[in-house]
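For the sequence shown, the residue numbers in our numbering are 461 to 615.
For the record, the hints were derived by calculation from the structure and aren't laboratory data. From a predicted model like this one, the values you see are computed outputs, not experimental measurements. It is possible that some hints are incorrect.
To be verified - With a straight-line Cα cutoff of 30 Å, these simulated DSBU-like cross-link-like pairs (lysine-lysine) come out: (1) Lys-541 - Lys-527; (2) Lys-484 - Lys-541; (3) Lys-568 - Lys-554; (4) Lys-527 - Lys-474; (5) Lys-496 - Lys-585; (6) Lys-486 - Lys-568; (7) Lys-554 - Lys-567; (8) Lys-492 - Lys-469; (9) Lys-590 - Lys-572; (10) Lys-567 - Lys-604; (11) Lys-474 - Lys-486.
Claimed, not checked - Pairwise CB distance ranges, derived in the manner of DEER restraints: (12) Lys-575 - Ile-463: 30 to 36 Å; (13) Lys-567 - Lys-590: 27 to 33 Å; (14) Ala-545 - Lys-492: 37 to 43 Å; (15) Glu-582 - Ala-545: 41 to 47 Å; (16) Gln-598 - Asp-534: 33 to 39 Å.
By construction, the Cβ of each residue, glycine as well, lies at the ideal position given by its N, Cα and C atoms.
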Amino acid sequence: MPILNVNGKDYEAKVTFKFNSLAKDKYYGQDKEGNKSSGINSIYEKLLNFDHDGLLGFWDCAVNHLKDRPILADIEAALEKRIEADDDTEDLFKEAFAVMDNSGFFKKQAKKYWKDLEKVPEFAKDEKEKTQMQTYVQRMKDSKAELLGTKKKTA
Numbered sequence: 461m462p463i464l465n466v467n468g469k470d471y472e473a474k475v476t477f478k479f480n481s482l483a484k485d486k487y488y489g490q491d492k493e494g495n496k497s498s499g500i501n502s503i504y505e506k507l508l509n510f511d512h513d514g515l516l517g518f519w520d521c522a523v524n525h526l527k528d529r530p531i532l533a534d535i536e537a538a539l540e541k542r543i544e545a546d547d548d549t550e551d552l553f554k555e556a557f558a559v560m561d562n563s564g565f566f567k568k569q570a571k572k573y574w575k576d577l578e579k580v581p582e583f584a585k586d587e588k589e590k591t592q593m594q595t596y597v598q599r600m601k602d603s604k605a606e607l608l609g610t611k612k613k614t615a
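Work out the full structure, taking the sequences as your base and the hints as a guide.
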């Protein structure tokens with residue numbers, strides 16, 4: 461499990477009911493009609509897109525099971541410190557994504573996410589939109605492979 465040092469104390473990330481509860485309340489997505497989507501899926505997708513808000517949301521939720529959890533501003537400062545030390549965000553994204561993707565708590569949801577994503581091109585209105593959707597699906601698969609270290613790097 462990944463560890464984040466916040467104010468000199470190490471915190472271990474956990475995907476639990478408490479993670480889901482905070483994600484549902486604070487990190488849900490919304491579609492064009494204003495319908496809310498799963499907060500846990502929103503964080504997962506932001507990590508896939510290498511969105512820094514996904515890292516912040518992940519860590520906020522990942523320490524929600526603790527009584528003495530750090531506040532969001534301290535988590536953000538700890539992430540900034542780690543990014544400066546590593547001079548990169550790659551490991552942070554890989555660690556967070558791997559925890560979510562391999563979590564027993566989230567595993568079924570992750571499988572459903574990928575199954576549903578595969579079907580997205582079927583809802584296209586025309587060939588152009590279908591091609592765009594297929595490109596998006598492939599980009600997400602490539603991101604997953606990169607985050608899990610299963611994608612071969614090319615020079």
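The hints, checked one at a time:
no. : hint                          : result
1   : Lys-541 - Lys-527             : holds, 24 Å
2   : Lys-484 - Lys-541             : holds, 28 Å
3   : Lys-568 - Lys-554             : holds, 20 Å
4   : Lys-527 - Lys-474             : holds, 14 Å
5   : Lys-496 - Lys-585             : holds, 23 Å
6   : Lys-486 - Lys-568             : holds, 22 Å
7   : Lys-554 - Lys-567             : holds, 16 Å
8   : Lys-492 - Lys-469             : violated, 41 Å
9   : Lys-590 - Lys-572             : holds, 21 Å
10  : Lys-567 - Lys-604             : holds, 14 Å
11  : Lys-474 - Lys-486             : holds, 17 Å
12  : Lys-575 - Ile-463: 30 to 36 Å : holds, 32 Å
13  : Lys-567 - Lys-590: 27 to 33 Å : holds, 30 Å
14  : Ala-545 - Lys-492: 37 to 43 Å : holds, 40 Å
15  : Glu-582 - Ala-545: 41 to 47 Å : holds, 45 Å
16  : Gln-598 - Asp-534: 33 to 39 Å : holds, 38 Å
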